[in-house]
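We have chain A already, so just place chain B on it with the hints.
There are 2 protein chains.
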Amino acid sequence: MSDVAVGLDVGGTKALAVLVTRQGEILDELRSSTPHDSHGGAGAATAKVLAEQVATFAQRHGLDAATLPIGIGMPGMVRRDGRLAFAPNLQTVSGASFPELLNESIGAQLVYMENDGNCAALGEYAWGAGRGIDNFVMVTLGTGIGGGIIANGELVRGQSGFGGEIGHMAVQARGALCGCGGYGCWERYASGTGLARLTLEWANEGRLPELTALRGGAQNVRGEDVTRAAGEGLEEAVTLMNDVAWWLARGLANLIAILDTGHFVIGGGLSVAADLLLPNAREYLADLTFGYDKRPPVVVAPSDLTVHAGALGAAKVAFDRQP
Amino acid sequence: MSDVAVGLDVGGTKALAVLVTRQGEILDELRSSTPHDSHGGAGAATAKVLAEQVATFAQRHGLDAATLPIGIGMPGMVRRDGRLAFAPNLQTVSGASFPELLNESIGAQLVYMENDGNCAALGEYAWGAGRGIDNFVMVTLGTGIGGGIIANGELVRGQSGFGGEIGHMAVQARGALCGCGGYGCWERYASGTGLARLTLEWANEGRLPELTALRGGAQNVRGEDVTRAAGEGLEEAVTLMNDVAWWLARGLANLIAILDTGHFVIGGGLSVAADLLLPNAREYLADLTFGYDKRPPVVVAPSDLTVHAGALGAAKVAFDRQP
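From first to last, the protein sequence lines are chains A and B. Note that my numbering gives residue 2 to position 2 of the first sequence, counting from 1, and the numbers run on in steps of one. Note that my numbering gives residue 144 to position 144 of the second sequence, counting from 1, and the numbers run on in steps of one.
This is chain A alone, in the form it adopts within the complex (with noise of 0.2 Å):
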């Protein structure tokens, strides 16, 4: 049993990398850019990223590979056997077994796969705004909506590995296509391309004159202008991020029905825009969650543990699921 485990959290763009104790300290960690040519078959390129990563920690720490646990955190459909089932961000490693390419590599042994939403949950519930809390929920906001759910004090993996994927429920049936194929998509209202797409709608309507008029029209106008302005208090931005705030509680109330979640913890890149955000969706709960009086106050809290939850998650998931 290792008192060191490895958490890699691969995302669109990086790949994080941390090397943390069981009581969840960060004793290294690095940073890599994910590529994203398929050069030696599916995810071989991503893989050996990963693997110079276990390599580095490896040599400066006097670890040896085969015998440190290892948590990958993927965005995507992650099989319970650990085989990336589907990445729709991460096209060219789908199908891939990190698993099988890191012990060929480095020869590791205690490789582990888990989807980076279900790892941000481990982790902010092992060390994070999730500690003590057995039901609680995962929200990451980033260009789409990740997540992970923790039930009587477990993570709900589902039937094949694949539970969590909160960003996919329909809000809005036959509403906004999403990236996935289906309509309605929470993830199309309430996440960064949520934003990026509404932006784009009020600019064409009209409805963000100032915000276009200083981009020099409409399809220039972006959802960082928006944040930005907002931030500032210009009350067309003002009034558009009180619609993605809104959008963000619908979704919120309907996992409060279904689960009956008394605690969320929000994550992700569009996170950043937790104070335009939070104040103005834990109002609109109120109005949008089933029997919202009966219940105790729903608590909506930002991420402690920010860009590192889902590596430290993944971390998690090496520690638990070693022998």
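Calculated from the structure, these hints are not laboratory results. One or more of the hints may lead you astray.
Identical chains blur together in the list; that is why a pair holds if it fits in one copy or across any two.
Listed below are the simulated DSS-like cross-link pairs for lysine-lysine, each with C-alpha atoms no more than 30 Å apart in a straight line [said to hold, decoys possible]:
id	residue 1	residue 2
1	Lys-48	Lys-294
2	Lys-14	Lys-48
3	Lys-294	Lys-14
Please read all numbers here as calculations on a predicted model, not as lab measurements.
For chain B alone, coordinates are given in the frame of chain A:
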């Protein structure tokens, strides 16, 4: 540890009582009407009916109410402490504590409460169509949509015990007004009242011409007319039932995304229309489910325990929770 338990399933019109062995065998069964006056305080009249059912079992089978485990399934928000927080279809019992009331009237000491959809899930898990399936969702299609979630082999009760209110997940934001005060709840589209609402809407729009002529006016066409006519192959009725099946699938697909449910058990009053709904709902799932082709086939099975699911599950609750 008693070898038998009582399961009580309290509906809006009937209270069903069963005396059950640890193997799920029903030894005796009683049906009573649910009273709707609130004379004597919240739940007193209902508690009296339940006490009589238990007393009848005790007398017939030589049992002692004080040592007999009794489970009660209730439609509504049942708190973990056994108090009924809210029962929209049983207003006269909201706030009642049945463990206290049954203790006062017949000396019962082992009384446990649970939501009726959760009871049905536990019943099917123990002795029915969910046996051996550690991740499944029970869906009860009745007046509304109830349900219960089994994840990692355990019931998802959530923070307060209100888990599994899947009918109040919004599938159409700002859609049809629901009895709960919310908008666009799943049960407004795919339950008995959902069918009734769609029937009226379609009849008023002239989309049910034959049934409207037959019943002498759009306002006279009922949901039952549609299910009967659809069973006989009338095209306009078949088309409407397909729409209901689509909405049923829409909600199921959301639960698959969130929980990675590979198995559904469909029960409740409207499941008499299962032959009309389930085959089409299964087909629509292929279009509506996130990453459908990456998953094993999703099973949508009818309830095994049918009308007894809730009462049997209530007995299971009593067996499991007795000290």
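The hints, checked one at a time:
1. Lys-48 <-> Lys-294: between (53 Å within a copy, 26 Å between copies)
2. Lys-14 <-> Lys-48: Result: close within a single copy only, 14 Å intra versus 65 Å inter.
3. Lys-294 <-> Lys-14: between (43 Å within a copy, 26 Å between copies)
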